[in-house]
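Asks: Chain A is already provided as a structure; the job is to place chains B and C on it using the hints.
Residue numbers (the numbering used here), protein chains in the order written: chain A, 1 to 301; chain B, 302 to 726; chain C, 727 to 997.
These aren't lab readings, by the way, just hints derived from the structure by calculation.
Everything hinted at is true.
Pairs of lysine-lysine residues, derived as DSS-like cross-links and limited to a Cα-Cα distance of at most 30 Å, are as follows: (1) B:Lys629 to C:Lys935; (2) C:Lys769 to B:Lys458; (3) B:Lys344 to C:Lys769; (4) B:Lys567 to C:Lys769; (5) C:Lys935 to B:Lys407; (6) B:Lys458 to B:Lys584.
Chain A residues, not near chain C, derived (Cβ > 12 Å throughout): (7) Gly68; (8) Thr75; (9) Arg81; (10) Val218.
Derived coverage of chain B by chain A (criterion: at least 3 residues anywhere in the stretch with Cβ under 8 Å from a Cβ of chain A; other residues may be distant): (11) 501-510; (12) 682-690; (13) 699-708.
Glycine residues also receive a C-beta, built at the ideal position from the N, C-alpha and C atoms.
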Amino acid sequence: MMAVASARRRLASLAGPQPVGLALIAPYAVYVAAVFAYPFGFAVWMSFHDYFFAAPGARVDRPFVGVGNYVAALTDPAVRRAFLNVGVFLLINVPLTVVLAMGLAVALNRAIHARTFLRVAFYVPYVTASVAVVGVWLFLFSEGGLVNRLLGPLAPEPSWLVNEALAMPLIAVFVAWKQLGFFILLYLAGLQNVPRELYEAAAVDGATRWRRFRSVTVPALRPATLLVVVLATITGANLFTEPYLLTGGGGPNGASASPVLLMYQRGIEQGLPGMAAAIGVLLVIMVIALSWLSRRLLEVR
Amino acid sequence: MKKYAALLLLIAGTTAACGVDGGAQDTAPSARGPIKIWLSNNKEEVAWGTAMAEAWNKAHADQKITVEEIPAGKTSEEVISAAITAGNAPCLVFNTAPAAVPQFQKQGGLVPLSDFADGASYIEARTGQAATQYKSPDGKYYQLPWKSNPVMIFYNKEVFKKAGIDSENPPLSTYEEFLATSRKLVSSGAAEAAIYPAPSGEFFQSWFDFYPLFAAETDGKQLVEGGKAQFDSPEGHRVAAFWKTLYDEKLAPKEKYNGDAFADGKAAMSIVGPWAVAVYGEKIDWGVAPLPTSTGKPAASVKTFSDAKNVAMYSACRNRATAWDVLKFATSKEQDGALLEATGQMPLRQNLPATYGDYFAKNPDYVTFADQAARTVEVPNVPNSITIWQTFRDAYSSAVIFGTTPPAEAFKAARDKIDALARQA
Amino acid sequence: MRRLILLGMGALAFLFPFYYMFIGSLQAEPDTSMAGLVPSPGKLTLENYREINEEVNLATSLLNSGIFTGAVVACTVVFGVLAGYALARLRFRGRGTMFAILLLVQVVPFQLLLIPLYVLIVRGYGLADSHLGMVLPFAINSTAVFVFRQFFLQLPKELFDAAHIDGAGELRLLWSVALPLVRPALLTAVLLTFIGPWNEFLWPFLITKQADMQPLAVSLANYISNVAARAANPYGAVLAGACVLAAPVIGLFIAFQRHFVSTNIGTGVKG
Numbered sequence: 001m002m003a004v005a006s007a008r009r010r011l012a013s014l015a016g017p018q019p020v021g022l023a024l025i026a027p028y029a030v031y032v033a034a035v036f037a038y039p040f041g042f043a044v045w046m047s048f049h050d051y052f053f054a055a056p057g058a059r060v061d062r063p064f065v066g067v068g069n070y071v072a073a074l075t076d077p078a079v080r081r082a083f084l085n086v087g088v089f090l091l092i093n094v095p096l097t098v099v100l101a102m103g104l105a106v107a108l109n110r111a112i113h114a115r116t117f118l119r120v121a122f123y124v125p126y127v128t129a130s131v132a133v134v135g136v137w138l139f140l141f142s143e144g145g146l147v148n149r150l151l152g153p154l155a156p157e158p159s160w161l162v163n164e165a166l167a168m169p170l171i172a173v174f175v176a177w178k179q180l181g182f183f184i185l186l187y188l189a190g191l192q193n194v195p196r197e198l199y200e201a202a203a204v205d206g207a208t209r210w211r212r213f214r215s216v217t218v219p220a221l222r223p224a225t226l227l228v229v230v231l232a233t234i235t236g237a238n239l240f241t242e243p244y245l246l247t248g249g250g251g252p253n254g255a256s257a258s259p260v261l262l263m264y265q266r267g268i269e270q271g272l273p274g275m276a277a278a279i280g281v282l283l284v285i286m287v288i289a290l291s292w293l294s295r296r297l298l299e300v301r
Numbered sequence: 302m303k304k305y306a307a308l309l310l311l312i313a314g315t316t317a318a319c320g321v322d323g324g325a326q327d328t329a330p331s332a333r334g335p336i337k338i339w340l341s342n343n344k345e346e347v348a349w350g351t352a353m354a355e356a357w358n359k360a361h362a363d364q365k366i367t368v369e370e371i372p373a374g375k376t377s378e379e380v381i382s383a384a385i386t387a388g389n390a391p392c393l394v395f396n397t398a399p400a401a402v403p404q405f406q407k408q409g410g411l412v413p414l415s416d417f418a419d420g421a422s423y424i425e426a427r428t429g430q431a432a433t434q435y436k437s438p439d440g441k442y443y444q445l446p447w448k449s450n451p452v453m454i455f456y457n458k459e460v461f462k463k464a465g466i467d468s469e470n471p472p473l474s475t476y477e478e479f480l481a482t483s484r485k486l487v488s489s490g491a492a493e494a495a496i497y498p499a500p501s502g503e504f505f506q507s508w509f510d511f512y513p514l515f516a517a518e519t520d521g522k523q524l525v526e527g528g529k530a531q532f533d534s535p536e537g538h539r540v541a542a543f544w545k546t547l548y549d550e551k552l553a554p555k556e557k558y559n560g561d562a563f564a565d566g567k568a569a570m571s572i573v574g575p576w577a578v579a580v581y582g583e584k585i586d587w588g589v590a591p592l593p594t595s596t597g598k599p600a601a602s603v604k605t606f607s608d609a610k611n612v613a614m615y616s617a618c619r620n621r622a623t624a625w626d627v628l629k630f631a632t633s634k635e636q637d638g639a640l641l642e643a644t645g646q647m648p649l650r651q652n653l654p655a656t657y658g659d660y661f662a663k664n665p666d667y668v669t670f671a672d673q674a675a676r677t678v679e680v681p682n683v684p685n686s687i688t689i690w691q692t693f694r695d696a697y698s699s700a701v702i703f704g705t706t707p708p709a710e711a712f713k714a715a716r717d718k719i720d721a722l723a724r725q726a
Numbered sequence: 727m728r729r730l731i732l733l734g735m736g737a738l739a740f741l742f743p744f745y746y747m748f749i750g751s752l753q754a755e756p757d758t759s760m761a762g763l764v765p766s767p768g769k770l771t772l773e774n775y776r777e778i779n780e781e782v783n784l785a786t787s788l789l790n791s792g793i794f795t796g797a798v799v800a801c802t803v804v805f806g807v808l809a810g811y812a813l814a815r816l817r818f819r820g821r822g823t824m825f826a827i828l829l830l831v832q833v834v835p836f837q838l839l840l841i842p843l844y845v846l847i848v849r850g851y852g853l854a855d856s857h858l859g860m861v862l863p864f865a866i867n868s869t870a871v872f873v874f875r876q877f878f879l880q881l882p883k884e885l886f887d888a889a890h891i892d893g894a895g896e897l898r899l900l901w902s903v904a905l906p907l908v909r910p911a912l913l914t915a916v917l918l919t920f921i922g923p924w925n926e927f928l929w930p931f932l933i934t935k936q937a938d939m940q941p942l943a944v945s946l947a948n949y950i951s952n953v954a955a956r957a958a959n960p961y962g963a964v965l966a967g968a969c970v971l972a973a974p975v976i977g978l979f980i981a982f983q984r985h986f987v988s989t990n991i992g993t994g995v996k997g
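Bound-form chain A, shown alone (with noise of 0.2 Å):
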């Protein structure tokens, strides 16, 4: 018994308490390090080196050239203005996300009509190819588009997608609304979870309905907040396929390029891996700081 004991305390001290999690995560740590870790390790490894693709083989002169590509790439303006109309999409994008997909999840999950029908409508644009959807996009926001018809004399001039004050916005809202439905979803699962006895507490004491939702619902769903915030700056961060088709290429003028973007440019379509992999490797910081910072702003208990 003793033996046993103390046996236990030895694991506890060298895994922990509960040495059970080391077994449960061990799959996925393999995973990790087998296809994620050695392509991450070689990227960072890329950024400090004058580095190219080669063929197996190929003698190839490949020198360490510091911080060189961070340099070329933080002095390129382009690369700067990238990462600037990435806060911009930010700023836009992470609060739209998070009021619409929040309110409609709570609607939503009251909704005794139609139920179905509902969820669906808001689902659909999240699970439709890009290509097709960017497709009605643009019969939508382009110059003669459906859009600026409505909008007759107040449409903006130039139009939506060439105008690089508008393009990067209406690029946010486009990612919102697309990605809407993952979010109310997470919302929705969220919501599932709120005991209902606070809402009845509530109730009682005479609460208003907007009362209800601000003391009961929303300290509720921080968790879910947290992840949709997180997820939001995630995949906002990573913003690729719209510059790509809905704007050819960032346009205009650079005005909603991104840094993958540029990444995609710099590294696979000219051979410039070094620098694409120092625009990764900042781009990953820059993420890491936003999300530490929703934590601490989210996840005050």
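Replies: Structure of chains B and C alone, referenced to chain A:
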């Protein structure tokens, strides 16, 4: 064995990334055996390629060709580049973009065709003088010039008639005439746009707006020559000013069209290669005109961009002797004829109209293009080719399409950058 | 009632582009004007769909998509639940590190890893033109692990304390207490991870060159880039392709969405 390799990779982690992996096969040049080739997934080309492979396989049971498809679009260079790095590229790709050749070459992904005893002589005998444009800076051929799509102005005759413009000999040869015609087309309401080149920012879009007109205006200068950018010149500025007028006066839209503007009747004109004959042939009553120049050069001397696709041999290929034989077989007079018949694209072969007289007699639509195919300009074969094109495109977008930077300033800045890029070997 | 009307209007606004997509896929001639919004019987046709059926081997593609997606979803759920539970509920050495790695994995853009990963899987593991090679990079979705962790975190602590007093082992606790409670999250995760591999184009395309190995998204993208320019209605061809791709997912969603709202944690806490 594979398991251990995987484990090793895991343990080695990032350090594995630094080493140069061995495993090149230097016995390959004389080896024969089965080979794999990639074709673009364009329907007609696949039909041609499959038939070509069948004909070869019938006669060479021990050296069979396996055919696979890659998309014709933007992704094909990425796929090839990734395959080079992974060492599983096929022997031949019948869809190698000349602009990507410098990069593939730098990657060590290409077999110099000049290393075959009859390599250079075969290429030069087939293509003639034009072949030298495809030589790499080290003097070797890493690509076989295969087929071109010399671009010209296609116009919609019905739209021209509606606008009250002569639809048989439309005034399009000088910039003045071209602009006047464009204004008439749009102001009459016959078409929303006079011409609609893609105004988007991808590096290759300049091949279908600025570059053909630049080739015509300069009598065949490349974007970069002798390690120096050529576009910051009076000719280059004239071409830029021409396009800028079209964009400023809303004769050409600044917004990307989702679909084919010419096919949908949105645009009265389009810059296209001979493939367009088959595509628009039935749907639109079309005419073809040479590219405009500022002074209106005679049609017979106007040059254009070739939009060529070539064949290259990849270093992962083991049976290179077979691959070289297949390459010669696939670009023989007979197979070139079959390609022309199947796709309407122009084999990069000298004396085209004379060699396939029967075909052109039967298909007069293609004669103009065949004639133009003799006067084409290629993208420059220089290091950092794609970065150069992207740099140029970015400058062009901001100066010409969106008008946010004065063209003189934008071109000057792009020239400095491109000169530096072209110097790096 | 007012809420329902508002919701309904929102839903219609969301559905409109999709409606347009569907109508567009049925048009014989491209019509981008306002009139194109209203279906007129004379102009509608199934031609766009018939062409797809002719060009693309739908059965093989669907099978490949099924294998690819099924394997990804299965791995994601099984290993994701285990990892998510461990991260949320168990204290062990290295948990903090694993959580940091989990964040890192999600944050790194796929474009950065694309070519090194391709080289690793093709050259290192020799998995070109195989289902395993297709599945591997997506096998465990880190976002799903993150989502599971978050949902396990939301479960009331008392539940676990009570079970611990009963002397239940961690695995039994996971299986019989935690899992039933997070069923909504589970189904959510299935539906969410389903979309990724189902619509994924670039990776399966890079890894498979043989047409009979390609999933539907790749075949359709090929079809779109290839035929779109030639079809009588290129726009319609693209939209029809998108509809074919979207239909199974929407069907699945309609079939399953009932299940994951009916479970209510309230009953779990009380009973």
